[in-house]
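Protein chains in written order, with the working numbering: chain A, 7 to 256; chain B, 18 to 81.
Derived from the structure by calculation, the hints contain no laboratory data.
There's no promise every hint is true.
As the list claims (entries may be wrong) - A few chain A residues that don't get close to chain B, going by computed Cβ distances all over 10 Å:
(1) W45
(2) V63
(3) V111
(4) A112
(5) F153
(6) A180
To be verified - If the Cβ cut is set under 10 Å, some of the chain A residues that face chain B in the computed set are:
(7) A53
(8) L56
(9) V57
(10) L88
(11) L99
(12) K142
(13) E150
(14) F173
(15) L177
(16) F212
(17) L235
To be verified - Pair by pair, the computed Cβ-Cβ distance ranges are:
(18) A:A238 <-> B:L27: 20 to 30 Å
(19) B:E23 <-> A:G67: 20 to 30 Å
(20) B:L47 <-> A:A119: 48 to 58 Å
(21) B:Q22 <-> A:A221: 33 to 43 Å
(22) A:V111 <-> B:I25: 27 to 37 Å
(23) B:L27 <-> A:L178: 21 to 31 Å
Beta carbons are placed, not taken as given, at the ideal position from N, Cα and C, and that holds for glycine.
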Amino acid sequence: MTVSLALIWPAITSAFLASLVEAVEALTIVLAVATVRGWRPAGLGAAAGLVLLVLIVVVLGPLLDIVPLRLLQLTIGILLLLFGMRWLRKAILRSAGVIPLHDEVAAFATETADLRRQSRQHETRLDWLAGLASFKAVLLEGLEVVFIVIAVGAGRGLLVPASAGAFAACLLVAGTGFVVHRPLARVPENTLKFAVGVMLSAFGVFWVGEGIDVAWPGEDLAIVGLMVLFLAVALGAVALARRPHLKVLQ
Amino acid sequence: MTVIQELIGLFVDDGALAIAILGVVAFAALVAAAVPGMPLAAGAILVLGCPGVLLINILRASRS
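Whenever a hint applies, use it, and build me the whole structure from the sequences.
Shown next, in the form of structure tokens:
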């Protein structure tokens with residue numbers, strides 16, 4: 007199976023950027039747990055989440071080889087369309103001012119307040135609850151990373167470059183979080199989600215097409231054209247959906 | 018249960034958009050199966066349909 011650069015770079019970039027967003031969200035919760043209850047429950051919860059993620063990948067990963075390629079491409083394409091267009095929809099609505107932007111500082115404050123409220127009610131069980139919050143954050147955000155890697159990589163033997171992109175992003179966020187000990191609020195999350203939404207939606211259309219035997223003009227290069235199309239539609243949607251009174255406020 | 022809900026939530030946020038996407042994919046697959054001699058027809062449905070349903074959904078959301 008030949009893999010062209012037209013697929014490798016979008017796969018690496020989308021896996022890296024999407025994983026960056028997920029890792030930042032997980033880091034915010036792990037930091038909140040560490041702030042309220044210390045690094046022990048936060049670290050143990052995060053480590054347990056990572057172990058379970060590795061187990062899921064090790065157990066389910068080989069099953070991908072059993073699934074016929076066309077069925078795999080179609081299934082992954084549909085899931086990517088649902089996932090990518092969900093991200094893109096939210097990013098467009100946030101860019102247009104229809105819904106508020108996601109704020110890591112606010113998310114950190116909410117999580118910290120929740121844990122402190124729980125500490126007043128269940129002092130003895132709090133380390134468990136705190137560890138569970140850290141575990142759940144790493145597991146759920148990690149599942150998204152695993153899905154994105156499989157989704158952009160499995161259809162054409164791109165699992166290794168996609169995994170490398172995701173691993174680099176997680177390492178970057180974990181390293182930065184370890185150094186600064188604060189939520190990474192300056193990461194332009196909505197811009198990243200916008201870009202990733204465009205890329206994943208384009209991958210979704212491409213894989214669904216491959217799954218139902220569409221002969222894409224330009225073959226793999228069609229994915230670049232699909233990205234340009236989704237980007238143009240998304241930017242147009244932001245302009246059309248932008249609320250007039252927000253312009254005045256800005 | 019929460020984990021299952023969260024997993025479904027990864028793919029479905031707005032039910033109308035999810036149904037519209039599945040509708041476009043089903044229509045494209047139907048056309049691909051019914052007219053195998055025109056492989057670009059199904060591709061055109063995907064290329065026009067997916068961004069189209071997104072645009073309509075955004076416009077509806079912005080006006081509600």
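Could you work out which earlier hints the structure fails to respect and list their numbers in ascending sequence?
-> Going through the list in order, the structure violates hints 5, 7, 8, 9, 14, 15 and respects the others.
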